[in-house]
Each structure stands twice: as C-alpha cells, then as structure tokens.
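Trainee: Please construct the entire structure, taking both the sequences and the accompanying hints into account.
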Amino acid sequence: MIKDFFYLAFKNLKSRGIRSWLTLLGIFIGVTAVVSLISLGNGLQMAVASQFGISENELITVQAGGLSGFGPPGSIVVDPLTREDANAIERLSSVKNTVLRNIEDGIVEYNNYVNFRYVGTIPENKEDIKLINAQLDAEPLLGRLLKESDLGKVVLGYNFYNKKEEWGDKVIEPGKAILVNNEKFEVIGIVEKKGSIIMDNVVLMLESDADDLFGFGDEADVIIVEPKNKEEIAKTKEDIEKLLRQRRDVDEGEENFEVSTPEAALASVNSILDGVQIFIVIIASISIFIGAIGIINTMITSVMERKKEIGITKSVGARNEHVFLQFFIESSLLGLIGGAVGILFGTLIGFAGIYGINLWLGTELGLNIDFILIFGSLFGSFLIGGIAGIVPAMQAAKQNPVEALRG
Amino acid sequence: MLSGESVKYSLKNLKKHKARSFLTIFSILVGIATIFIFVSFGLGLYNYIEELSSSSSADKVLIMPKTAGGFTSNAVTMNDSDINAIERTPRVYEATGMYYGAALVKQNKNQKYTFLISYDPKKDMILESFAVDAIEGRVFKPGDTNKALLGYNYLIPNKIFPKALKLNDNIEVNGENLKIIGFLDEIGNPQDDSQVYITNEQYESMNPDTNSYGQIFARVDIKDINKVVEDIEKSLRRSRDLEKGKEDFTVQSFNELIEAYSSALNIVIGFVLLIALISVIVSTVNTANTMITSVLERYKEIGVLKAVGARNSEIFSIFLFESAFLGFVAGVLGCLLGWTIASIGGLILKNLGWSFLQPYISIYLFAGLILFAVVTGAISGALPARRASKTNIVDALRTE
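So the protein lines, in turn, are chains L and C.
Residue numbering for the first sequence is 0 to 406, as defined by numbering that gives the first Met the number 0.
Residue numbering for the second sequence is 0 to 399, as defined by numbering that gives the first Met the number 0.
Errors might be hidden in some of the hints.
Stated by the list, open to error - Calculated pairs, DMTMM-like style, for lysine to aspartate or glutamate (alpha carbon to alpha carbon, straight line, at most 20 Å):
#1 L:Lys236 - L:Glu262
#2 C:Lys245 - L:Asp168
#3 L:Lys183 - C:Asp247
By construction, these hints were calculated from the structure, which means they are not laboratory data.
Mentor: Below, the structure is given as structure tokens:
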C-alpha cells in the first residue's frame with residue numbers, strides 16, 4: 000500500500016516536470032547553504048582549538064586575573080603569579096608537579112633579517128621538562144629538544160625552518176646561530192609542525208637564559224599543574240582555587256586569578272564560535288524556510304489541478320486518509336530529494352572550505368564526514384517537506400467527490 | 000504599452016489565486032526583510048567609523064612598539080627620547096606618550112578588571128582623536144594628582160557596580176585611592192565605556208618600574224600625511240640606531256588604522272549579505288514557479304486574448320507586470336518588517352551597552368530594496384512571460 004503511494008508520488012512529480020524541479024531547487028539551495036556552513040564552522044572550531052594549543056592532556060593551567068584576549072597569557076595583569084605560589088600549589092596533596100612558564104616578546108635576528116616572535120621558557124629539571132613537553136605535545140623534526148643543561152641554546156618552531164622567505168631565503172637549521180634580543184643562541188632543534196600559529200613560530204629557551212634577557216625574576220605568566228590523580232582533576236582545581244584565594248586574600252567570587260582545565264578552556268572558546276555559527280546558520284535557514292513556502296505553493300496548485308482526479312479516486316473507494324497520505328508523501332519526497340542533493344553539494348563545499356582553511360592557516364584538519372549532520376539534515380528536510388504538505392493534503396482529503404467530479 | 004485594462008486584468012488574476020499570491024509575496028518579503036536588517040546595521044557601523052575618522056583625528060599619527068602578536072610589548076621600550084625624536088621631525092607639531100595597563104577597580108566589596116589608560120593632560124590627543132568629552136565633571140587639567148576619569152558605564156547602576164558612582168567619590172584603582180573628577184560621554188561599546196583614565200604622572204607613581212609608553216600619539220601637518228609618516232620612521236630609525244627593515248616600531252596614521260578596520264568590516268558584512276542573498280535566490284525560484292503555473296493555467300485564456308487581438312508584446316507585459324507587482328508588494332512589506340525588527344534590535348543592543356551598533360535607516364535603503372524586489376520579481380517572471388507571449392493561438396484554443 001505505502002509502496003503504491005510512493006510510486007504514485009514519484010509519477011506525479013515527474014509528470015509536472017519543470018515545476019517539480021524548481022520546487023526541489025529551492026530546498027536544495029537552502030540545504031546546501033546550511034550544510035556547508037555547519038561543516039565549515041565545525042572545521043573552524045577545530046582550527047581554533049589547535050591554534051590555542053588546547054590539547055587533550057590532563058594538566059591544569061593557572062593564570063593571574065586581568066584582561067585576557069589581548070595577547071599571550073600574563074601580558075596584561077595586575078598581580079602576577081610568583082614562584083612561591085607555584086611552590087605552595089605543589090605542596091597540595093592532590094598535586095604531583097608544577098612548572099612555571101613565561102612567554103615574552105623576543106626580537107629575533109638571522110641573516111640580517113629581524114622578526115618579532117614569542118619566546119617561551121623551558122624549566123631546568125628533567126621532571127619539569129617532561130611535563131612541559133607533554134603539555135606542548137612537542138616532538139623534534141630536526142635535531143633534539145632542550146635538556147636541562149642546554150644554556151645558550153634554543154629550539155625553534157616549524158615555521159623558522161619552513162618559511163625561509165622571512166629570513167632572506169636562508170634556511171634556519173640545527174647548528175646555525177640566531178640572535179634573540181641581541182644575544183647569540185645556538186639552534187639545536189626544530190619542532191614538528193603543530194598547525195598552530197603560536198607554537199609554529201615560538202622560540203624555546205631555558206628559564207635562566209630568558210630571565211637574563213627579559214628579567215621576569217620570580218614572576219610567572221602561567222603555572223602548569225599536574226594533578227596526582229587524573230580522574231580527580233576537578234577536585235584538584237578546587238584545591239588550587241581555595242589555596243590561591245587564601246594566599247591572595249580574596250573572597251570567593253572575587254578571584255583575581257584563573258584556574259582552568261583543558262575542557263573548560265576549550266568550552267569557553269567554543270561557546271563564542273558556537274554563537275557565531277548559530278547566527279550564520281539561522282540566516283541561512285531562512286532560505287530553507289522560503290524553500291518550504293515554495294513546496295506549500297506547489298502542493299496547493301497541485302491539489303487544485305487534480306481536483307477532478309481526487310474526485311475519481313474517491314468515487315472508486317479511496318478514503319480521506321488515503322488521499323491525505325498521497326499528497327503528504329508527495330510533498331515529503333520533494334523535501335527529501337531536495338535535501339539529499341543539497342547535503343551532497345553542501346558536504347562537498349564544506350570539504351573545499353576546510354581545504355582552504357588548511358592552506359590559509361597551515362593547519363592539518365581532517366576531512367571528516369559528519370554522519371549526524373547528514374542524517375539529521377536528511378530527516379529534517381523530509382520533515383520540512385511533510386509539514387509544508389500538511390495543509391494542502393488536508394485540503395485535498397476534504398474534497399467532496401461529487402463537486403470534484405463536476406469540475 | 001501597458002494599458003490600464005491589462006493592469007486590471009493582472010491584478011484580478013493575482014486576487015483570484017489569493018493563497019498563491021500571498022505565499023509568493025511572503026517568500027520574497029522574508030528575504031528582503033533580512034537584507035534590510037543587515038544593510039541598515041552595516042550602514043550604522045560605517046557611519047560610526049566615519050565619525051571616528053572625522054576631522055579631529057585626521058591629523059593624528061600613532062607610533063607603537065612592534066610585538067609578536069599581542070597587544071603590549073615587553074621587548075621594545077619607547078620613552079621620552081623617542082618623543083623628542085618624533086617632535087624634531089619636520090611638520091610634526093607635537094607628540095605625547097600614553098600608558099596602557101590592566102586596572103583592578105574596587106567599590107566596597109565589588110571589583111572589576113578593566114583597561115587603564117593614561118595620558119598627559121598638557122597634550123590630550125586621545126580624547127580629541129575619538130572626539131569624546133566629559134558628560135559630567137571635567138577632563139584632566141595639568142597638575143591633577145590622585146584623580147581618575149571614568150567611562151560612561153560607571154554612571155549606570157548595575158552595569159559595572161551595583162551602585163552608580165558620583166563625582167568626587169573615591170574609587171580604588173590597583174590599590175590606590177583616586178578621586179573621580181569626571182565621566183566621559185558614551186562611546187558605545189562595553190569595553191571602552193568601562194575604561195579608567197589617569198594622568199601619566201599618576202601612572203608613573205603607581206608603577207615605578209614602568210620604562211615604556213604603550214603608544215605615542217603625534218599631531219602632524221595633514222597635507223601629504225604619508226610623507227610625514229615616512230619621515231617619522233626615518234628619524235626614529237636614526238635615534239634608535241636601527242637599519243631599514245629592522246624597525247622595532249610601527250608608524251601609522253590614525254585614519255589608515257581605521258581604514259584597516261573598515262576593510263575587515265567589509266568582509267564580515269559582505270559575507271553575511273551573501274548568505275542572506277541565498278534566500279532571495281530561493282524566493283526568485285518560487286516566483287518563477289508561480290508564474291510558470293499561472294501561464295500554464297491560463298493557456299487557453301491566452302489563446303482567447305490573442306484571438307480577440309492581443310499582441311505578443313501585450314501578453315508579455317501582462318505577465319511581466321504580474322511578477323513585478325508581486326515583487327513590489329513584497330518589497331514594501333519586507334522593508335516595513337525589516338525596519339520594525341531592526342529598530343527593536345537596535346533598542347535591545349542599546350540597553351546592553353552596544354549603542355554603536357545601531358541601524359541606519361535612510362530613504363535610499365527603502366527605495367533601493369523596493370527597486371531590487373521589483374527587478375528580481377520581473378527577472379523571475381521574464382521567461383514565463385515570454386513563453387506566454389509565444390503561445391500558439393490554435394494550439395491554445397484547442398486544449399481542454
């Protein structure tokens with residue numbers, strides 16, 4: 000029975016030629032726009048997460064309160080964190096290890112070319128170095144990473160090696176020397192490409208070398224904390240907050256510092272991007288809405304044109320619900336077919352966009368097919384077609400056979 | 000060529016198929032309203048930027064330390080010797096430094112982090128560049144000590160602090176008690192309107208370690224400002240003993256900076272409009288569909304019209320008029336709907352403190368969008384109308 004309805008619906012859509020095509024086109028354009036924008040947005044979200052170096056590790060970062068969003072951590076703060084803060088945190092029973100980090104603006108010179116780059120510090124003992132390398136997720140591409148005894152040496156991000164045009168077409172490799180704030184440093188390694196603008200352009204050097212150049216003393220931009228038990232990261236976070244409230248003499252709710260877990264950091268970045276994406280998808284959805292109006296219009300016309308036909312079907316025994324189903328299925332099919340083609344094109348455009356993001360930002364985002372998105376929009380367009388068809392189908396079902404036959 | 004009779008005939012037809020005409024108009028008006036909203040807000044933003052780059056800022060040049068990407072630098076210092084070098088450059092009238100920092104502002108038990116900006120009251124160029132003045136009290140005078148000038152939002156209860164601040168109140172900024180001498184007029188975004196301003200002397204006494212300005216402003220001869228920018232670069236290179244290409248500072252005219260913002264704005268608004276245009280394309284498809292149906296239904300009628308003497312061009316114009324009329328009605332209603340939504344949106348944004356994001360509504364916007372709707376209606380009706388005009392009389396009359 001249902002099969003017959005589908006068969007009939009297909010036949011009808013086909014016989015109405017250009018009008019069916021145009022109705023499909025409406026839904027198709029809308030769905031293409033929405034699907035491509037959603038997949039682009041998801042790609043962008045991954046790209047941003049990789050830019051911020053938010054990885055899947057289970058370390059806690061502590062920063063002094065201030066105005067974030069205007070530079071690297073710690074650049075605009077009122078009361079910086081200190082080594083004593085880190086030591087106190089390390090004495091907490093739920094904490095395994097802490098590391099201080101500073102990020103500074105360095106003037107890097109090589110082959111008579113000058114560029115401004117971030118300089119990140121590396122602590123000077125084995126345990127801490129291991130922790131930092133885990134946090135940065137750093138592997139050497141050439142040479143090796145810094146050891147605790149590597150005074151006067153630096154490890155550079157991938158772009159120092161890859162973008163020789165920034166240095167007068169002379170490649171920087173391990174063994175070469177560069178100037179940082181007019182001091183000479185030997186390059187001993189290049190870090191693998193991370194796809195993050197900050198990490199791929201960073202200069203890593205030992206803490207005491209950096210202190211000689213920048214003089215931050217015992218102050219720290221960030222304290223990295225390794226919890227003893229990774230399952231209880233939330234509790235460790237609370238412990239640190241309590242301790243720092245005490246040390247910095249502030250009440251709850253008035254913290255002048257921030258303790259964040261990787262998930263929290265990612266969530267706060269994503270919430271902004273989600274807002275932007277929702278806004279854009281809503282605008283794009285307007286076109287699906289207009290496409291649905293097109294379906295209603297087509298179906299109303301179709302009911303009127305087939306008034307006589309409906310009369311005949313009814314007089315040979317079709318019930319109201321049969322007529323309703325026939326038109327309802329026809330309009331759902333319009334939505335479904337338009338949606339299916341739209342999803343295909345939308346996904347392809349999304350892929351092209353992600354490829355573009357990769358080229359533009361130097362990231363390495365995978366081209367994932369999002370099945371939830373695909374099935375969701377397929378079901379959605381089927382539903383939209385169905386909803387658009389309800390009123391016309393009801394009109395058709397209510398038709399009085401006698402009047403309909405009379406013309 | 001379009002007689003009153005054909006107009007009447009078209010309108011009667013549209014009325015006969017009320018549901019269809021209504022749905023077609025509705026689908027166009029949604030798209031038109033969307034575009035109206037974004038264009039009006041876009042124009043509002045351009046106007047805001049235009050105001051920023053008004054005559055009071057046209058003669059300003061900004062000199063900033065280079066950074067690796069952040070907002071402030073700790074690698075490059077700029078101090079009074081740089082100001083001297085800039086002032087010695089030909090056609091530079093005067094130069095002054097400003098400090099930037101974070102401020103922890105406290106009122107009783109409440110606190111807030113915000114931007115702290117300081118300037119030299121003898122050479123106020125920052126307030127002049129942004130054309131803001133005190134709405135209550137006054138701005139700094141030379142010789143003011145332990146005084147603070149606050150942004151507009153401190154005047155509003157529950158915006159920054161539960162209680163609004165008043166003139167001559169004391170406020171704690173980074174642990175220092177300062178007396179409020181004035182509040183600035185509204186700038187229109189929450190960040191600027193919550194800023195705290197102090198004098199350079201005050202900043203230096205609160206931060207004794209400070210050795211570098213965040214930014215230097217210079218007032219220069221407005222004629223051939225690009226040449227002045229180059230000259231400032233040259234004299235700074237000389238005074239800082241740097242080779243060309245190794246500068247650790249940037250020099251930019253204020254208007255150049257604002258142009259950079261507006262070109263970023265172009266991209267954003269262009270992108271949003273592009274997405275909104277998609278909905279217009281879909282409604283064009285709908286209109287074409289309606290017109291095709293309309294032509295098919297009236298196949299016989301067209302035959303009769305032709306048989307009694309209607310010319311091809313008359314048939315064509317009847318159908319073209321029908322679709323253009325649909326576009327016109329949708330354009331008018333769409334603009335009205337867009338106007339309503341944009342005005343409500345503007346009010347909401349104003350209450351949230353984003354008063355620089357206001358729709359700008361002009362008669363040209365209405366006229367332009369209505370014309371746009373008429374033209375898209377006509378375009379989508381052109382092919383069906385042509386088909387109608389080419390109808391073969393004999394075939395048409397023969398059909399049942």
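Trainee: Next step is simple, just say for each hint if it's right about the structure.
Mentor: Quick rundown of the hints versus the structure:
1. Of the pairs offered as hints, the one joining Lys236 (chain L) and Glu262 (chain L) holds, with about 12 Å between alpha carbons and a cut-off of 20 Å not exceeded.
2. Restraint check: the Cα-Cα separation between Lys245 (chain C) and Asp168 (chain L) comes to about 16 Å, which is no more than 20 Å; the hinted pair holds.
3. Distance check on the hinted pair: Lys183 (chain L) and Asp247 (chain C) sit about 18 Å apart at the alpha-carbon level, within 20 Å; holds.
Hint compliance for this structure: every hint is met.
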